[in-house]
Amino acid sequence: MDALINGLIEILKPIGITEPVFQFMLVNAILGVSIYLTLYCGLFSLANAGFMAIGAYVGVILTQSFDLPLFGALLGGMIAAGLIAIPIGIPTLRLRDIYLAIATIGFGEIVRIMILNFDDFVGSILTLVQGERVRFTLIEGARGIKGIPKLTESWHLILFLLILMFFLTRLHHSRLGRAMTAIRQDEIAAASMGINVVYVKNVVFIMSAILAGAAGVFSGHLTRIVTPQAFGFDKTVDILAFAVLGGTSTWFGPIVGGLVLTALPESLRFLKEYRGVFTGLVLLVVIVYLPGGLINTTSWSKFIRRFTNRPESPPDENSGHSTTRAN
Amino acid sequence: MDTLLQQVVNAISLGAIYSLFALGYSLVFSILGVLNLAHSAIFMSGAFFGVLAVNQLGTPLWLAFILAMVGAGLLSVTLEFVAFRPLRRRNAPRIAQLISSIGAAILIVNIGQLIFLQQFGRTEAYFPRELVSLDPIIIESLSIRIAPIRMIIVVVSLLLTILMQYLVGRTQIGQHMRAVAFNQQTAALLGINVSRIFVFAFFLAGVFGGAAGMFYGVVFLNVTPFIGEDVALIGLTAIVLGGMGSIQGAVLGGYLVAGLQVISVVLGGSSYRNAVVFLLLFAILLVRPQGLLGQSESTRA
Amino acid sequence: MLELINVSRGFGGVQALSGVSLSVPPQRIVGLIGPNGAGKTTLINNVSGLDHPNGGQILFDGQPIEKEPSHRITRLGIARTYQNIRLFGEMTVRQNLLVGQHSLGRANILEAVFFSPRYRREERQYRARAEELLERFGLASVAGMAAGNLPYGDQRRLELARALATEPKVLLLDEPTAGMNPTETKALGEHIQDLRNDGLSILVIEHDMSLIHQVCDEIYVLNFGQIIAHGTSDEIRTDPVVIEAYLGRDDDGAA
Ligand SMILES: Nc1ncnc2c1ncn2[C@@H]1O[C@H](COP(=O)(O)OP(=O)(O)O)[C@@H](O)[C@H]1O
Ligand SMILES: [Mg+2]
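Residue numbers (the numbering used here), protein chains in the order written: chain Y, 12 to 338; chain X, 6 to 306; chain V, 1421 to 1675.
Note that these hints are calculated values from the structure, not bench results. We put the CB at the ideal spot given by N, CA and C, even for glycine. A couple of the hints might just be wrong.
[As the list claims (entries may be wrong)] Pulled a few chain Y residues facing chain X out of the computed Cβ check, cut under 7 Å:
| no. | residue |
| --- | --- |
| 1 | Phe55 |
| 2 | Asp108 |
| 3 | Ile109 |
| 4 | Tyr110 |
| 5 | Ala112 |
| 6 | Ile113 |
| 7 | Ala114 |
| 8 | Asn128 |
| 9 | Val288 |
| 10 | Gly291 |
| 11 | Leu294 |
| 12 | Val299 |
| 13 | Leu301 |
| 14 | Leu305 |
Hey, can you work out the whole structure from these sequences and the hints?
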């Protein structure tokens, strides 16, 4: 395995992809899938960075303060994110698109503010309880937790992603996967098929949170420092860009999106300086002119036609078929 | 430590800014039924155009204010053409429009950052202190100080709000706007040029967002490409609180949020300022998503 | 089988249903007719759990169901079609029929991941049943097409097939032949009769009187949210109250 990964890195090095870059590509692929799951079910949730933060903090605390191995931290981070998703999802998933977006953006901000004030808050409660001034430090507010050992290794990420991909192919061949597609297309009709729409949405929201939590644990043990600033709205936008760039018609899209969008600024150096501009352009241009994302061949051909000014070819039978969402 | 009354005075001028900002959000929402998440970037652009005019062109404050409003208005119209119209043409889902507006927001903020670096050498610029700080009016008996600029802001903001009410409620274009908001197809059948109404609505929203941004910059003196982030969620909270798409609601929401911030600073300290606002946002969405003044979806005009 | 007792539903000022009592006996085809806006769709919405009555009771096999949500109603054995077709347009015809069988299965996602025997057995059954329905409704040749790209008549038949995929005991059809040509309408009428002969109870809303007379065992007439007549097709045809209701509306329209 190691030899294989080293070989891969050697091949990728000339295009600017070093091992750390490679590892972030994989983490971001996981994040892309995390937001894809909710989008796939028609839910526009922007809570991913918040759940990633929860995973990262819980994971890092587990390895640093409780001496758990990375695997234990991974489980802990995923479970924590999943558990918190339950009380968040039950009330908010009733909301329609725009309102759900606003509520989940709000959730992300609340998580960030809670992390910022966590130590002070616990400290003041302890002070109250014990009757003397207690200074509590665990997660260090805005300064973040520093000096985290780099426990995440490439093979962890590759293995996780492979398992995830297998899970996704199975999902698409299951009742749950079909129910998700149905809900995205028509909630009312889905309910008349006997699908418990609220339940499915909550399950999907929890799965999405668990994945974001996992990505948080991995990234916390890659960056060696976790701060609340790293999980702000910007992060959610990045995650959204992975899914949008890759396309959300199949699970393959967000993985491609996560990999490509992370690698691109490293391979094309000039992009690094304009990273934000690039992310913005990706969201805007892909949504407007390339609706299916990178992996959608029909929208590519339309895109190319648009810029080569060739007349629209007459609609043929095949194009009708390939726009059909695969699942 | 300021007195409570002083805090209230501060809250009113902050509320004036928030409500101007929220008005723009609300106007576009009521007409398109879609949320323009790039409105906070428009806010930033207003402050940016203002500080640029004052510092690089040496204009007086009032002229900078007008330039800021027009600049932000035009940028907002550009958004309509680039980020919204193509999607509407294609009948894309609402989620697509939200995403493209997020993309536009990121794009504007980052381009802003590049221009800041190029113009000022760093991502920060200042309104010259002497430009805005005349002696504060001090009312000894109540022990409050009011900066004249804050009073100007409150007055101008009220005037603009009244202007908006008049435009939407009393003019022909306002009538057309309401018709489009109610039903685009019907409005088109009545011979209303729907595209032009959209352009006008975006311009108006941009003007209000830009004015709010400029005021914000003038009150706090410094302007960064990121000031939109300070108000993005606050503006959303204001319109959700007041009822999405309602003009009076947006104004009320702006003042309420500012008041709430001040109260939570007084009671809990500044670190809870936004937490309280967002918790409120959450609570409102869950309990009364149509807001305080909003009507239920089917009857929204 | 299905029984409505004094069911009422108002929307603000509009009383869409007021005190409607109606029953669909086992193995019968019951027609529901009435002018536009009479409340027919509202009635089906209330039975199917998409909407809920303000008053009255809806019994299915003697059990009250008026408070149950849509998906529970389907699981109990009541399926419906929509006046404005609601297919999953981006899915293929076959996938629409697989989704229709959602509530018949028990296998969860983990069983799918580990290919449990139950999962495999269920999937085999879904596929087989889907093929059966495709054959029965003449959709086999378009099974791989996106449902949204089908011609109108095929979409209507697919919606009926999809409703049957849920294995209902009662079927509610809201204007199933709207937009169909006479040949298609006649064929659909035969399908409906076949389904009754297979044991289903059917409530059908129709404007096409020839179809109503062709298939219905009994007919209810709804006007302004109230049942104004009930009887066999011959009784209804000659009922002065019914004629009045239809003609009265026409006069209003002309005035
Ligand atoms: N969701 C709703 N909100 C308000 N009014 C409704 C709603 N659904 C139906 N109505 C009203 O109820 C009446 C009956 O409608 P409907 O059941 O669709 O009639 P039909 O199917 O017999 O043509 C109409 O006046 C309609 O406007
Ligand atoms: Mg109807």
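Holds or violated: is there a CB of chain X closer than 7 Å to the CB of Y/Ala112?
6 Å, holds
Evaluation of the interface hint that places Y/Gly291 against chain X, nearest CB under 7 Å
Since chain X brings a Cβ to about 3 Å from Y/Gly291, closer than 7 Å, the hint holds.
Measuring from the C-beta of Y/Leu294 to each C-beta in chain X, is the shortest one below 7 Å?
Y/Leu294 check passes; min Cβ-Cβ to chain X is 3 Å, inside 7 Å.
Restraint check, 7 Å cut-off on beta carbons, for Y/Val299 near chain X
Cβ of Y/Val299 sits 5 Å from chain X, so the hint holds.
With 7 Å as the cut and Cβ atoms as the points, is Y/Phe55 at the interface with chain X?
5 Å, holds
Do the numbers back the hint for Y/Leu301, that is, is its least Cβ distance to chain X under 7 Å?
Violated - the Cβ of Y/Leu301 stays beyond 7 Å from chain X, reaching only about 12 Å at its closest.
Going by Cβ atoms only, is Y/Ile113 closer than 7 Å to chain X?
Hint on Y/Ile113: holds, closest Cβ of chain X at ~5 Å, below 7 Å.
Once the shortest beta carbon distance from Y/Asn128 to chain X is found, is it less than 7 Å?
5 Å, holds
Y/Ala114 as an interface hint toward chain X, with CB separation required under 7 Å
5 Å, holds
Min Cβ distance, Y/Val288 to chain X: is it shorter than 7 Å?
At about 4 Å, which falls below the 7 Å cut-off, the nearest Cβ of chain X leaves the hint on Y/Val288 intact, so it holds.
Can Y/Ile109 be said to touch chain X, with a Cβ gap under 7 Å?
5 Å, holds
Under 7 Å is the threshold here; is the Cβ of Y/Tyr110 close enough to any Cβ of chain X for the hint to stand?
Hint on Y/Tyr110: holds, closest Cβ of chain X at ~5 Å, below 7 Å.
Checked against the numbered hints above, the structure violates hints 13, 14; every other hint is satisfied.
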